[in-house]
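Protein sequences appear in the order of chains W and Z.
Each residue of the first sequence is one higher than the last, beginning at 1194 in the working numbering.
Each residue of the second sequence is one higher than the last, beginning at 12 in the working numbering.
Rather than coming from a laboratory, the hints here were simulated on the basis of the structure.
Treat the hints with caution; some may be incorrect.
Dumping the calculated BS3-like pairs for lysine-lysine here, alpha-carbon to alpha-carbon at most 27 Å [stated by the list, open to error]: (1) Z:LYS167 <-> W:LYS1316; (2) W:LYS1329 <-> W:LYS1316; (3) Z:LYS99 <-> Z:LYS67; (4) Z:LYS99 <-> W:LYS1358; (5) W:LYS1267 <-> W:LYS1249; (6) Z:LYS221 <-> W:LYS1316; (7) W:LYS1288 <-> Z:LYS150; (8) W:LYS1349 <-> Z:LYS205; (9) W:LYS1249 <-> Z:LYS67; (10) W:LYS1328 <-> W:LYS1316; (11) W:LYS1266 <-> W:LYS1331; (12) W:LYS1349 <-> Z:LYS229; (13) W:LYS1266 <-> Z:LYS67; (14) Z:LYS150 <-> W:LYS1249; (15) Z:LYS99 <-> W:LYS1316.
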Amino acid sequence: MSKFTGKKKRKDPGISTASLPDIVFMLLFFFMVATKTRENTSSVIVSLPSAMETGKLEDKTPTAYIQLGVPTKKLQKVFGDKTAIQLNDAIKEKKDIRLFLDEKRASIKKNFSAAGPEVALSKSKQMVVCLKIDKKTKLGVVSEVKEELRDASALKVNYIVNEGK
Amino acid sequence: MGRRESSEVNAGSMADIAFLLLIFFLVTSEMTREAGMFQLLPEKTEDKPEQNKKIKDRNVIEVLVNNNNDILFENEEVSLGEIPNLVKEMILNEGNNDKWPESRAVTEEELQKLIDRNRVDLENATESRIRSIAKKLRKSELRMQALEIFGEYFRKSSHVINMQATQGASYDTYIKLKDKLKQAYTSLRNDLAKNKLQGRGWDDLTLDEKQMLKMVYKENISEAPVIQ
């Protein structure tokens, strides 16, 4: 009988935290899979226009980003406060666009080289140039960039906008 | 010497490490894919622009943004809100106005011809081209299907919307205008879906149905270089 009458004081068991790492890892993997890393830092200030009739590119579409806007405060001393062109991380000239696109195409080709030369070539032809252009930019500048793209025969253009009114 | 029990590795800090990684990825990544408006630029050719003259005047819908960000639709100043309806009217051209873009009914014979031609091509195709030709054939067949469903609504319109701008116009207005032009097409397609596809909204349509609607009202917006 003493089995049941023993007055052992129960200790509060506490919540086991052993599975906490598992949960956090699960979250971690989710975010690693569901997101993509930010492409580059901004040297120009871009406030996008908004539009309703938008579409989204397919996930695996190869892209190249060109940004147009006024340089950030820090960089204005060097580049002035006129609309500037940003390729990769740095502010560049209009004439550099072609070289930039060629480099992008080459790197796309390299990425797909394992799938054979034909696939690589067609992938590099599928490249879409995403234009992030500040609202206040004058169309003269935009048009010059577009002409440059035509010269480089990068004809697929995607104007990045905010969705909504 | 007493035998020591092998002590387990303390896994308590594992969570901390994982949290650190998690936060790192949260900060350096972006979740949403960016929304954008797609545009195919015209290829650069050696030919003079006179070549474009082939398009008849009545088929070109001129839209212009000037330096004051006013919008001129066929040389008349209009507000942004009016654009979709104006464009819709002109594309449909129900009264057969001879100053507005031409449109004619698509016939079964021409589509059948197209399909036959695609089939012949497919038989003679080389290995590398087979997929692209099969795709073309699929599209032609879809066109035929569209004709069966939409009947007289399936017309071939020869319109081109020519978006122009002057150098000092703002990009914001330009995008807003483009948005409105696209809205015209969307609304045309929605109207047709309402009429002929049991009143379903765009999101309830199948991929094929969406593609068919896009065939019936094909977007044709061209962006001209700026005017000096």
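Status of the hints after comparison with the structure:
1. Only pairs whose Cα atoms come within 27 Å are accepted, and Z:LYS167 paired with W:LYS1316 is rejected, the gap being roughly 32 Å.
2. Simply put, W:LYS1329 and W:LYS1316 have alpha-carbon atoms about 33 Å apart, too far for the 27 Å limit, and the pair is violated.
3. Straight-line distance between C-alpha atoms of Z:LYS99 and Z:LYS67 comes to about 19 Å, which keeps the hinted pair within the 27 Å bound.
4. With a C-alpha separation of about 21 Å, the suggested pairing of Z:LYS99 with W:LYS1358 holds against the 27 Å cut-off.
5. For the suggested pair W:LYS1267 and W:LYS1249, the alpha carbons sit about 33 Å apart, so the restraint of at most 27 Å is broken.
6. Taken as a hint, the Z:LYS221 and W:LYS1316 pair is honoured in the structure, with Cα atoms around 26 Å apart against an allowance of 27 Å.
7. Using a Cα cut-off of 27 Å, the hinted pair W:LYS1288 and Z:LYS150 is violated, with the two alpha carbons roughly 40 Å apart.
8. Among the hinted pairs, W:LYS1349 with Z:LYS205 is inconsistent with the structure: their alpha-carbon atoms are about 32 Å apart, more than 27 Å.
9. Between W:LYS1249 and Z:LYS67 the alpha-carbon distance is near 34 Å, which puts this suggested pair outside the 27 Å criterion.
10. Taking the CA atoms of W:LYS1328 and W:LYS1316, the gap is near 31 Å; set against the 27 Å cutoff, the hint is violated.
11. Taken as a hint, the W:LYS1266 and W:LYS1331 pair is honoured in the structure, with Cα atoms around 20 Å apart against an allowance of 27 Å.
12. Our distance criterion of 27 Å between C-alpha atoms is met by W:LYS1349 and Z:LYS229, whose separation comes to about 18 Å.
13. For the suggested pair W:LYS1266 and Z:LYS67, the alpha carbons sit about 50 Å apart, so the restraint of at most 27 Å is broken.
14. At roughly 22 Å between alpha-carbon atoms, Z:LYS150 and W:LYS1249 fall within 27 Å of each other, so this suggested pair holds.
15. With a C-alpha separation of about 36 Å, the suggested pair Z:LYS99 and W:LYS1316 falls outside the 27 Å cut-off, and the hint is violated.
In this structure, the hints that do not hold are numbers 1, 2, 5, 7, 8, 9, 10, 13, 15, in rising order.
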